[in-house]
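Number of protein chains: 2
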Amino acid sequence: MERFEVDILGCGSALPTTKHSLSSQVVNLRDKLFMIDCGEATQLQFRAMKLNFMRLNHIFISHLHGDHCFGLPGLISTLGLLGRTAELHVHAQPDAEKMFRPMLDYFCKELPYPVIFQAFDPKKNALIFEDRTLCVSTIPLKHRVPTAGFLFEEKPKRAHILREMIDFYQVPFSQINAVKDGADFVTPDGQIVANARLTRPADAPQKYAYCSDTSYYEKIIPIIEGVDLLYHDTTFGESEAVRAKQTMHSTAHQAAEIARAANVKKLVLGHFSARYPNENVLLTEAQAIFPNTVLAAELTCLKL
Amino acid sequence: MERFEVDILGCGSALPTTKHSLSSQVVNLRDKLFMIDCGEATQLQFRAMKLNFMRLNHIFISHLHGDHCFGLPGLISTLGLLGRTAELHVHAQPDAEKMFRPMLDYFCKELPYPVIFQAFDPKKNALIFEDRTLCVSTIPLKHRVPTAGFLFEEKPKRAHILREMIDFYQVPFSQINAVKDGADFVTPDGQIVANARLTRPADAPQKYAYCSDTSYYEKIIPIIEGVDLLYHDTTFGESEAVRAKQTMHSTAHQAAEIARAANVKKLVLGHFSARYPNENVLLTEAQAIFPNTVLAAELTCLKL
Chain L
9 MERFEVDILG
19 CGSALPTTKH
29 SLSSQVVNLR
39 DKLFMIDCGE
49 ATQLQFRAMK
59 LNFMRLNHIF
69 ISHLHGDHCF
79 GLPGLISTLG
89 LLGRTAELHV
99 HAQPDAEKMF
109 RPMLDYFCKE
119 LPYPVIFQAF
129 DPKKNALIFE
139 DRTLCVSTIP
149 LKHRVPTAGF
159 LFEEKPKRAH
169 ILREMIDFYQ
179 VPFSQINAVK
189 DGADFVTPDG
199 QIVANARLTR
209 PADAPQKYAY
219 CSDTSYYEKI
229 IPIIEGVDLL
239 YHDTTFGESE
249 AVRAKQTMHS
259 TAHQAAEIAR
269 AANVKKLVLG
279 HFSARYPNEN
289 VLLTEAQAIF
299 PNTVLAAELT
309 CLKL
Chain S
9 MERFEVDILG
19 CGSALPTTKH
29 SLSSQVVNLR
39 DKLFMIDCGE
49 ATQLQFRAMK
59 LNFMRLNHIF
69 ISHLHGDHCF
79 GLPGLISTLG
89 LLGRTAELHV
99 HAQPDAEKMF
109 RPMLDYFCKE
119 LPYPVIFQAF
129 DPKKNALIFE
139 DRTLCVSTIP
149 LKHRVPTAGF
159 LFEEKPKRAH
169 ILREMIDFYQ
179 VPFSQINAVK
189 DGADFVTPDG
199 QIVANARLTR
209 PADAPQKYAY
219 CSDTSYYEKI
229 IPIIEGVDLL
239 YHDTTFGESE
249 AVRAKQTMHS
259 TAHQAAEIAR
269 AANVKKLVLG
279 HFSARYPNEN
289 VLLTEAQAIF
299 PNTVLAAELT
309 CLKL
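If you read the sequences in order, they're chains L and S.
Using my numbering, you'd call the opening residue of the first sequence number 9 and step up by one each time.
Using my numbering, you'd call the opening residue of the second sequence number 9 and step up by one each time.
If you are wondering where the hints come from, they were derived from the structure by calculation, not from laboratory data.
Just so you know, not all the hints are guaranteed correct.
Where chains are identical, the list cannot tell them apart; a pair therefore holds if satisfied intra-copy or between any two copies.
[As the list claims (entries may be wrong)] BS3-like cross-link-like pairs, simulated, lysine-lysine; straight-line CA separation at most 25 Å: (1) K163 x K227; (2) K188 x K117; (3) K117 x K253; (4) K131 x K311; (5) K117 x K106; (6) K165 x K117; (7) K117 x K150; (8) K27 x K58; (9) K253 x K227; (10) K27 x K132; (11) K40 x K163; (12) K117 x K131; (13) K150 x K106.
Could you build the full structure based on these sequences and the hints that come with them?
Rendered as structure tokens:
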């Protein structure tokens, strides 16, 4: 299996504490790094996790609250000091460029690489990025300001060749790629070897959904149906359900309800309020509804 | 002696590392807190030092490079979440308000307290703040962008009363303040008791000078003459003297030359380049010229 993991840089909510950093995580797909959100001090957490700054080319910002984006200018500046020349793409809603471009123009005049803001509409479920192996699309969420989550989907993978059958039929190297893509093989004497004899099925493409910050919002369920891992806003526990509603965040109970309804494989809780000295109360509440639930924690890595 | 100390929140240079945070420190004068510079993640260091956010009313920004001010929006936002209502004063050059006001207007719409930017001219040595016990003035520095250091001077203090003499002459409580301010005491039968019999001299007012970022710049010497503590830019060692000149920073040697020429009592080196795995080489170079030198370090407190 190729690497597909999520590194948690910060999973606290608005008020950073000595325990929790502000929202940021990195999706690592086959050593290409995709950042989601970039709260203050994200660059420090990135460094603490020993991630490679040069492998980061795309940053996705869910919404324009400071705890999800105040780390951008510092990170962008640091990438310049490290000698970056490759484009950096910041995917966010249109106001992001309005707010951050003037700062970059003033503070990062000599930046040796271009920063490209790519605007998306947080109200739409739309494809906003794709490359050879990955599609990223927006998940409209329900929060105090326009907010989108992100769905990271691997593209369908190629079948695995069966080495011993390739050897047996003496399939030449030049035809291996065609076989991986599904072609039958024709031997020099005209015999057709069905593709199914030469390969075993591809690994299922994996999916990761990031849904923070949001109220309980059933409209996301069909979009995140069956994902391997769901990170869902869990700012509060049941005792703070009223406050969750007021601030348009979710409780552990609500996160678990969404996970169950969407048949996700695993749920990770995050965006914790500073009021919880530990989050086991949130974990217990969620597991009562959706057992395969874990707590996010800084500097840890979740494998899909 | 009343409390006068400097808390080091960050003493690294532009590139934050796992060892050094970005520039910020807090002058604590009798439990009133004055912040100097506010690099990214300053609010985390402030919290880590268990300083009281409510005692902070003034922030002084030396210059508009990101490593000295990118922590402002996050800190200002956090103070709001903590329920602050008192004014916060940010003393900086005029561009600071141009850059940060739009961010505050967008990201901190519901801030429950006013942020007041007070502009100063970094080219002038001028008084920019005073209260009952303290004067703060600018120290023009020489850097790639307009930059000022800051001189924190206690105001002259009042004499100490000699408790046993006060009792002996039966000085009434109502006259104690006058005696502290230098008045003689006249007994009920007309005898004049000279102030010098009733008091011992006041403690000398103390002075702290912050000079970062700057090239070697002799014009600051008369301004910082005789200060109790000097924090001076020491980004590089002698082997990087050329780079120091190019980037308009100082070497340890140069910092020590300034300290010696200005007859300061103690020198603290800071704003270290990330290239030094430890800064003992800088300390050794400085102490060869000015022995009473120490290295700054995060989360430590320097008493005047």
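Structure-based check of all given hints:
In this homomeric assembly, K163 and K227 come within 25 Å of each other (Cα to Cα) only inside a single copy, at 24 Å, whereas the closest approach across copies is 64 Å. Taking the shortest Cα distances, K188 and K117 never come within 25 Å of each other, neither inside one copy (48 Å) nor across copies (55 Å). In this assembly of identical chains, the alpha carbons of K117 and K253 lie at most 25 Å apart only when taken from different copies (20 Å versus 43 Å within one copy). In this homomeric assembly, K131 and K311 never come within 25 Å of each other (Cα to Cα): the closest approach is 29 Å inside a single copy and 55 Å across copies.
For a Cα distance limit of 25 Å, the shortest separation of K117 from K106 qualifies both inside one copy, at 17 Å, and across copies, at 16 Å. For the identical chains of this complex, K165 and K117 are neighbours neither inside a copy (42 Å) nor across copies (47 Å), given an alpha-carbon limit of 25 Å. In this homomeric assembly, K117 and K150 come within 25 Å of each other (Cα to Cα) only across copies, at 19 Å, whereas the closest approach inside a single copy is 37 Å. For the homomeric pair K27 and K58, the shortest alpha-carbon distances inside one copy (19 Å) and between copies (14 Å) are both at most 25 Å.
Proximity of K253 to K227 under the C-alpha cut-off of 25 Å is restricted to the intra-copy arrangement: shortest distance 17 Å within a copy versus 59 Å between copies. Taking CA atoms no more than 25 Å apart as the test, K27 paired with K132 passes in neither setting, with 35 Å inside one copy and 43 Å between copies. For the identical chains of this complex, K40 and K163 are intra-copy neighbours only, at 15 Å inside a copy versus 58 Å across copies, given an alpha-carbon limit of 25 Å. For the identical chains of this complex, K117 and K131 are inter-copy neighbours only, at 22 Å across copies versus 33 Å inside a copy, given an alpha-carbon limit of 25 Å.
For a Cα distance limit of 25 Å, the shortest separation of K150 from K106 inside one copy, 23 Å, qualifies, whereas the shortest one across copies, 32 Å, does not.
Taken one by one, the earlier hints fail for this structure at numbers 2, 4, 6, 10, listed in ascending order.
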